[in-house]
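Make a model of the complete structure from these sequences and hints.
So the sequence lines, in the order shown, correspond to chains A and X. Residue 1 is where the first sequence starts when you use the UniProt record's numbering, and the numbers rise one by one after that. Residue 1 is where the second sequence starts when you use the UniProt record's numbering, and the numbers rise one by one after that.
Fair warning: there could be bad hints in the mix.
[Unchecked claim] Subject to a maximum C-alpha distance of 27 Å in a straight line, what follows is the list of computed BS3-like cross-link-like pairs (lysine-lysine): (1) A:86 - X:86; (2) A:236 - X:236; (3) A:193 - X:193; (4) X:236 - A:193; (5) X:86 - A:395; (6) X:193 - A:238; (7) A:395 - A:456; (8) X:193 - A:236; (9) A:193 - X:86.
Think of the hints as simulated: they come from the structure by calculation, not from any bench.
2 protein chains.
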Amino acid sequence: MTQEEIITRPLRRLDPEDAQEALTRIQDVLHRQQLVSDLVHRQEAGDERAGLVESVVQRQHESEIKALLDDLHPADIAFILESLPKTERQAVWQLVGTEHDADVLLEVDDWVRESLIEAMDRQDLVAATETLDADELADLAPDLPPDVVAEVQKGLTEDERAQLIEAMGYPEDSVGAIMDFDMVRVREDTTLKAVLRYLRRMRELPDHTDQIFVVDRQGRLQGTLSLSRLLVGDLKSKVQDVLSPDYLSLSPLDSDADAARAFERYDLVSAPVVDDQGRLVGRVTISEVVDVIREDSEEQALSRAGMQEEDIFAPVGMALRNRAPWLFLNLCTAATAAFVASQFEDTVSHIVVLAFLMSIVAGIGGNSGNQTMTMIIRALAMGRITGHNVWQLVKREMTITVLVGLCGSVGAALFAWLISRSIPVALVMMAAMVCNMLVGTTIGVLVPMLRARFGKDPAMGSSVLLTFATDSLGFFIFLGLATLFLL
Amino acid sequence: MTQEEIITRPLRRLDPEDAQEALTRIQDVLHRQQLVSDLVHRQEAGDERAGLVESVVQRQHESEIKALLDDLHPADIAFILESLPKTERQAVWQLVGTEHDADVLLEVDDWVRESLIEAMDRQDLVAATETLDADELADLAPDLPPDVVAEVQKGLTEDERAQLIEAMGYPEDSVGAIMDFDMVRVREDTTLKAVLRYLRRMRELPDHTDQIFVVDRQGRLQGTLSLSRLLVGDLKSKVQDVLSPDYLSLSPLDSDADAARAFERYDLVSAPVVDDQGRLVGRVTISEVVDVIREDSEEQALSRAGMQEEDIFAPVGMALRNRAPWLFLNLCTAATAAFVASQFEDTVSHIVVLAFLMSIVAGIGGNSGNQTMTMIIRALAMGRITGHNVWQLVKREMTITVLVGLCGSVGAALFAWLISRSIPVALVMMAAMVCNMLVGTTIGVLVPMLRARFGKDPAMGSSVLLTFATDSLGFFIFLGLATLFLL
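Listed below in structure tokens is the structure:
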């Protein structure tokens, strides 16, 4: 943004609620436009007047929407586009000022970006993307038509082209994929005064510059210098004498989740990225880290329901492909459990009431195991579980389960007695429930720990395995005990 | 940290993995110490030599642990303390240098802080807390003995005491509870040169100062000035001419989750907090926001398993109180579902195989509803659901469910035929499954939306209601259809 723009444009107070209101008003306008179009199309074909009215009204509506959009931050525009179904989204996208195109494309979620790019012609795309930095271009490149990428990268400098290639080469969940190249670097033997002069010559500092990076002659990172230290420090000091006492450096191949943990723990705003020779190659900022934290937590919530990221307006076919596999998997495990239970058909046909009790045994085992599993996955993610405390943890979980199980099974036994009027049935219920809760706890501890031991994500798939075990074994234990003691 | 310390202490490269290694080594030492103690206690009582050996070894172990701790950042020390059981935690806490006491107390999770404070005497507590800022003291105050708070606040200035009282007065999940008072404020009519001179007179800037706040004569916020603009701007410019073009301001009573969303959307590092007259009263920084985001996501994961935050080393009694209510609630809903099913005892005793199939119908209904519910809760949290798109969403979810249901129910019907060899049973299975999936979808859409409409957290308790409905109605629909068509 140039100096003139700053002075001419009034200050904008940001507020996500304004964006939400703008969304509702845009939906209103689109709805009115739809009503007019419907009306016009009900007229006889070729009624020129009606067509004329429609186009006048449409222009009016478009300028209404444009006015709403013009007041908004690109991130708010991205929010609005994400909240509209595809056709309306593409219509509104045409009305977004071209100066925001690049920013909005960077801001929107992956699943929306595709539909926006689809609605742009080659020329618009080149115009929007030729202003991007190498790391930003690398983020968009997979979604852009290859000829646009080829065209745009012609405008890059040699250095930037090398950065683009580097940034595109890192795996998705690595630090390399979220780093940028907007670093201010200074040599350790300069004075603060010289650094200040150097900064003043730049037109603006990169976003989120809270510190500048200090390197030696070979470009190896020596430490960092915070802007606030630079501002309050003695101008005659050498950079090397006022380095920040602590610094964190990342490697491009570190996992982004680990980097996020480090940012959280040490309250960082930015961190340098160095290669294996210690040379400064990039920088990670808190805004990327916040996205990583949010995305990881949403991914977890979705994967627990067996889904991946899904556009609420994605075509039904896409949603089917997203959701069906999980339901099918659950159908298979439920069928297996049912098959296990059906092996006790004789027992159940003698004492029908067992059929109604067995699902309680299975369900509570699953719930109890899920509590243990949630605890363990969390402790693993925090790095709290070490060789030393595993057994202590396991003993603790078992104790808790037995105690909760004993109390709970008294309630369950009472219920069993109420609907069966048989004390032996109640006792079998009690024993089976405690046993199945222990099954749940065992799975809840073992599965995540084994997965973590073998370098896998401890959460993934654990819950299916848990339900599978507590359902099948729950039926087996309950009906097995009943067969032994009640027939 | 004073200038001398910076120069004498070597640069410290932060790395969470080092902390993890230190944890393992500290556990090793504690383990060895335990072995020695056990050995000594097996000797006859009054064996002085053994006691002597023990205390020598203990001193050696203590200095080993001290050496490990001295190298660590307070946040790493907090991590280690959080990862130890209570007695060991308190023992290690005694070995932490007193200069870190305050920082560590601020860093640790709530459930650990209590046990650390318990292990400190009054004098240590006063020493540790008298250096704190008002907002930090407000965070610790609920856990501190009242006489310590009374003692420490005597040392505060009038202003700070007012801030302390203000900070303690805001509700837990509000912006007021996470704001601090470490702001740099300047008047709009000063020049950049004067601002730089003013900053240089401060010994250091507050953490996370990426911008300073511009106020008028009455202390009302006029805008913000970023440090980087200050560094590159013309020294003769007035502050009011180089204000940042966009700014976000918060109110102390805004919810912290909303503030976090705003930080994420606009990529902020800090934001001013103003009262209802527009006067600047505080500041929120990204480090607090990151904590809010992480805590909200963990709270969600825990509450889905019916738990609250739990220390992995909390006493068993506390864990019981945390977990039992959820299991009891689930026992009640499962028992109700079983009771519903037991009303069809006649039907089941005629066709026993129904007993094994009914849990499949219930389970898949729950899984399918859970997918819908996850989508809806997420869309609600993002503010994407408005009056305009509700029906579109509902129609979409219903279509998806019917389509997935039809495919899936063919598989289920096949399984039903395999274990029953009866086509009517297979057909009833198919119909019941599709119906129950629609029940799941309806609950999955309605419950979160109604809760949100009435201003409640859409996620809370929704999953219990969902399971309850899909279990009870699943049994009812399946056995009901069977009673109508198969007897």
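Inset, instruction - Could you tell me which of the numbered hints above are not met by this structure, giving the numbers in increasing order? - result: Result: hints 1 and 9 break, sorted rising.
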